[in-house]
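K.L.:
Just so you know, the sequences run in chain order A and B. Counting from 1, position 70 in the first sequence corresponds to residue 70 in our numbering; the numbering is continuous, with no gaps. Basically our numbering = 1-based index in the second sequence + 1000.
Keep in mind that the hints were calculated from the coordinates and are not lab data. One or more hints might be untrue.
Said to hold, decoys possible - Counterexamples of contact, computed for chain B against chain A with all Cβ distances above 10 Å: (1) Asn1017; (2) Arg1206; (3) Leu1220.
To be verified - Quick list of simulated restraints, FRET-style, between CB atoms: (4) B/Met1171 <-> A/Ala77: 25 to 31 Å; (5) B/Gly1242 <-> A/Tyr15: 55 to 61 Å; (6) A/Glu138 <-> B/Leu1022: 20 to 26 Å; (7) B/Gly1253 <-> A/Thr93: 51 to 57 Å; (8) B/Ser1203 <-> A/Ser8: 35 to 41 Å; (9) B/Phe1018 <-> A/Gly226: 18 to 24 Å; (10) A/Tyr15 <-> B/Leu1022: 16 to 22 Å; (11) A/Arg218 <-> B/Ser1203: 41 to 47 Å; (12) B/Ser1203 <-> A/Glu99: 46 to 52 Å; (13) B/Gly1253 <-> A/Glu99: 52 to 58 Å; (14) B/Phe1018 <-> A/Arg71: 57 to 63 Å.
Since this is a predicted model, take the numbers as computed values, not measurements. Idealized CB from N, CA, C, for every residue including glycine.
Listed below, chain by chain, are the residues.
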Amino acid sequence: MITFEHVSKVYGEGYRPALAEVTLQIDKGDFVFLVGPSGSGKSTFLRLVLKEEKASSGTVQVAGRDVGRLRSWKVPALRREIGVVFQDFRLLTDKSVFENVAFALQVLGRPRHVIAQSVPETLALVGLQGKEKRRPHELSGGEQQRVAIARAFVNRPSLLLADEPTGNLDPETSVGIMKLLDRINRTGTTIVMATHDDDIVDQMRKRVVELRDGRVVRDEDRGVYGSAR
Amino acid sequence: MRLGFVLREMGAGLRRNFTMTLSVVLVTMVSLFFLGLGLLVQQQVSILKGDWYDRVQVSIFLCGEVSGEERCPTGPVTTEQRDALRAQLEASPLVDRVFYESQQEAYDNFLEQYDDALTENVTPDQLPESFRVRLTEPDRYEEIREQFAGQPGVEDVPDQRAILGPLFAAMDGATRVAIGLAALMLLCSVLLVSTTIRLTAFSRRRETSIMRLVGASRALIQLPFVLEGVVASFVGAVLASGALYALVEFGVGRLNDRPDFTTRLVETADVLWPTAPVLVGVGLVFSVVASLLSLRRWLRV
């Protein structure tokens, strides 16, 4: 699903590289934790996958596409295969829960009957049935993150990127979010989650890739948060 | 569905930045108003020129008893001189028709045109006889003038263009001022449109970032912003055309209705075509250019 080969990213001349010679393979259906201290290159990794940034050297392949050589007008098609969730949810505050999720389908020009069917389905999947008409500020943090996950997943992407999705949530709520991500992973969706949350990583026992100063220093299946602290 | 989405986004942007939208509309309106004014003055000039050329007659005044020594050294025109001039005129390819006006006819016309206080001391022999010549090509007026002025028996060939020249010059000047103001104001409106789009893009950065993330095409993300500028400019152009229409209808139109005012002036029909379409077209082109320029900078995908 994602292949990095000797990928480096330097943001400016004279700066330390944000990623240095990263080679990594993530297969379809994987659940991968990306751990490491702030500034270790986790966010840069995600931005390269989304083509928000361009690698300084090396090749990035996502869903069979050579992202580095992708023409700019083809970038939207790449992003349609990727769902993204953030620490700060990024919901539209003047739209209801239903409208927030439907927004992702509307901008892709999906017909009305498709929206009417898949939005309630996805809201049920994330456990928000009955709250379609609420506004984001009427929801708890955990519920808001569920809306964000529903929006990222409603188009059934094959890859879901999560950047510190539990960073603003208490431990109990975080567990609920992780159960939801696990459920989505079981539908065959690849999940890459950047996180600082050692409890969660230790509980889930998934593949762990640790970055430090832009380099992969550890990559183990069923790993723990470990030394990255 | 997607068209509806674009229109809703555009409407939301226009409402959210209502004061900016209003300023774009007003600045566009004022700039296009001046542009339209310039166009109408030019139309007036060409109407006047057309009318004047239709009417133009060269008057060749012949020497009489009262003509001075320096202009008519040979004294009053003789029959031979008069016949020679008429023959020359009739042979000239520039001449359409020739009328002869005798001193008596000149006197009769004079009586008709002016009131008694002026006419009571005038006798027919004080007025010059003349040839009135209608030209095939009024533009070549000067050639006839040069050919006949100074010939024996000719007192004067007055240049009628000298009367109208300053008027045309003044109107050309007015056009230049109006177009200059229009250019300045159009520059303002371009800057204002791009500032507005910048502000709108900033206030909607959350929406646009989500649109990018879920894979909306660049056109879909940018179109609402472009359309906002286009709609505001279109409204401005329509208002400017309306203002010009009112100006012609109630200002110039009143003059046209007066029976003693015979000069033809621009009419409301001249506003409707071609002025108004030109204004709308210029408004649209400028707003699209302004929005594309600012989108390249502020809304990269």
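K.L.:
Confirm or reject each hint.
P.N.:
Verification of the hints:
1. Asn1017: Label holds. Min Cβ-Cβ 15 Å, cutoff 10 Å.
2. Arg1206: violated, 7 Å
3. Leu1220: Violated, because the least Cβ-Cβ distance between B/Leu1220 and chain A comes to about 6 Å, which does not exceed 10 Å.
4. B/Met1171 <-> A/Ala77: 25 to 31 Å: With a Cβ separation near 59 Å, B/Met1171 and A/Ala77 fall outside 25 to 31 Å, so the hint is violated.
5. B/Gly1242 <-> A/Tyr15: 55 to 61 Å: holds, 58 Å
6. A/Glu138 <-> B/Leu1022: 20 to 26 Å: violated, 34 Å
7. B/Gly1253 <-> A/Thr93: 51 to 57 Å: At 54 Å between Cβs, range holds.
8. B/Ser1203 <-> A/Ser8: 35 to 41 Å: Roughly 37 Å apart at Cβ, these two residues keep to the hinted range, so it holds.
9. B/Phe1018 <-> A/Gly226: 18 to 24 Å: The hint (18 to 24 Å, Cβ to Cβ) is violated, given that B/Phe1018 and A/Gly226 are roughly 56 Å apart.
10. A/Tyr15 <-> B/Leu1022: 16 to 22 Å: violated, 45 Å
11. A/Arg218 <-> B/Ser1203: 41 to 47 Å: Distance hint for A/Arg218, B/Ser1203 holds at roughly 43 Å.
12. B/Ser1203 <-> A/Glu99: 46 to 52 Å: violated, 18 Å
13. B/Gly1253 <-> A/Glu99: 52 to 58 Å: Distance hint for B/Gly1253, A/Glu99 holds at roughly 53 Å.
14. B/Phe1018 <-> A/Arg71: 57 to 63 Å: Check failed, 38 Å falls outside 57 to 63 Å.
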